[in-house]
Amino acid sequence: EAQVTQNPRYLITVTGKKLTVTCSQNMNHEYMSWYRQDPGLGLRQIYYSMNVEVTDKGDVPEGYKVSRKEKRNFPLILESPSPNQTSLYFCASSLNRGENNSPLHFGNGTRLTVT
Amino acid sequence: AQSVTQLDSQVPVFEEAPVELRCNYSSSVSVYLFWYVQYPNQGLQLLLKYLSGSTLVKGINGFEAEFNKSQTSFHLRKPSVHISDTAEYFCAVRRRSGGYQKVTFGTGTKLQVIP
Numbered sequence: 031e032a033q034v035t036q037n038p039r040y041l042i043t044v045t046g047k048k049l050t051v052t053c054s055q056n057m058n059h060e061y062m063s064w065y066r067q068d069p070g071l072g073l074r075q076i077y078y079s080m081n082v083e084v085t086d087k088g089d090v091p092e093g094y095k096v097s098r099k100e101k102r103n104f105p106l107i108l109e110s111p112s113p114n115q116t117s118l119y120f121c122a123s124s125l126n127r128g129e130n131n132s133p134l135h136f137g138n139g140t141r142l143t144v145t
Numbered sequence: 053a054q055s056v057t058q059l060d061s062q063v064p065v066f067e068e069a070p071v072e073l074r075c076n077y078s079s080s081v082s083v084y085l086f087w088y089v090q091y092p093n094q095g096l097q098l099l100l101k102y103l104s105g106s107t108l109v110k111g112i113n114g115f116e117a118e119f120n121k122s123q124t125s126f127h128l129r130k131p132s133v134h135i136s137d138t139a140e141y142f143c144a145v146r147r148r149s150g151g152y153q154k155v156t157f158g159t160g161t162k163l164q165v166i167p
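Those sequence lines, one after another, are chains A and B. When the letters of the first sequence are read in order and numbered with our numbering, they come out as residues 31 to 145. When the letters of the second sequence are read in order and numbered with our numbering, they come out as residues 53 to 167.
Keep in mind that the hints were calculated from the coordinates and are not lab data. A couple of the hints might just be wrong.
As the list claims (entries may be wrong) - Partial selection, computed: residues in chain B whose CB lies under 10 Å from chain A: (1) 97; (2) 104; (3) 149.
Using N, Cα and C, we set each Cβ at its ideal position, and we do this for glycine too.
Can you make the complete structure from the sequences, with help from the hints?
Written out as structure tokens, the structure is:
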């Protein structure tokens with residue numbers, strides 16, 4: 031089954047304790063992206079990747095890191111989490127044919143709480 | 053820059069009644085348009101998309117949307133809603149050309165179907 035898999039689904043942590051949220055897709059998609067969803071703000075892009083070893087900042091990259099060493103994986107790293115990073119996070123992927131018309135495929139989300 | 057406006061944050065509607073969820077966008081260039089649906093505790097999934105051609109687009113679960121270029125709108129409609137349509141709906145746009153173009157999401161509309 032074609033899917034985007036995020037882990038964990040729920041995560042509670044304390045301020046400053048490094049964490050990683052994993053994302054994996056099995057559709058051979060070139061493009062992957064991370065979003066955070068907050069009430070009243072919709073989805074905001076954190077980072078995206080056009081292909082292996084190619085990443086770039088989205089709209090709200092502060093406090094986050096990513097890497098793309100393999101095509102299927104795109105982990106999101108919070109080196110020193112803070113309470114304002116409490117949010118619902120989504121990983122998404124799509125084909126990247128340069129035409130911008132490919133829809134995004136989303137994971138089921140990771141609800142992060144930083145105390 | 054592009055933007056998406058979903059003026060209605062919540063829309064309550066009785067079961068079997070029609071519904072329209074409004075979406076207006078702003079862009080200086082041509083765009084692709086998408087509607088995504090998010091069921092409780094799940095990621096977003098594509099409902100329908102407008103790429104070109106007929107301005108009336110049909111999607112899954114009986115939903116349809118009409119692209120109106122002069123009014124820069126892409127409203128989502130369903131003639132008769134079901135309890136299972138209770139979800140949050142996101143309108144999204146993406147510029148057609150110029151290399152990579154990010155997806156811009158609206159803030160979402162929660163559809164509550166009342167039995």
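We went through each hint and held it up to the structure:
no., hint, verdict
1, 97, "holds, 7 Å"
2, 104, "holds, 9 Å"
3, 149, "holds, 7 Å"
The structure shown violates none of the earlier numbered hints.
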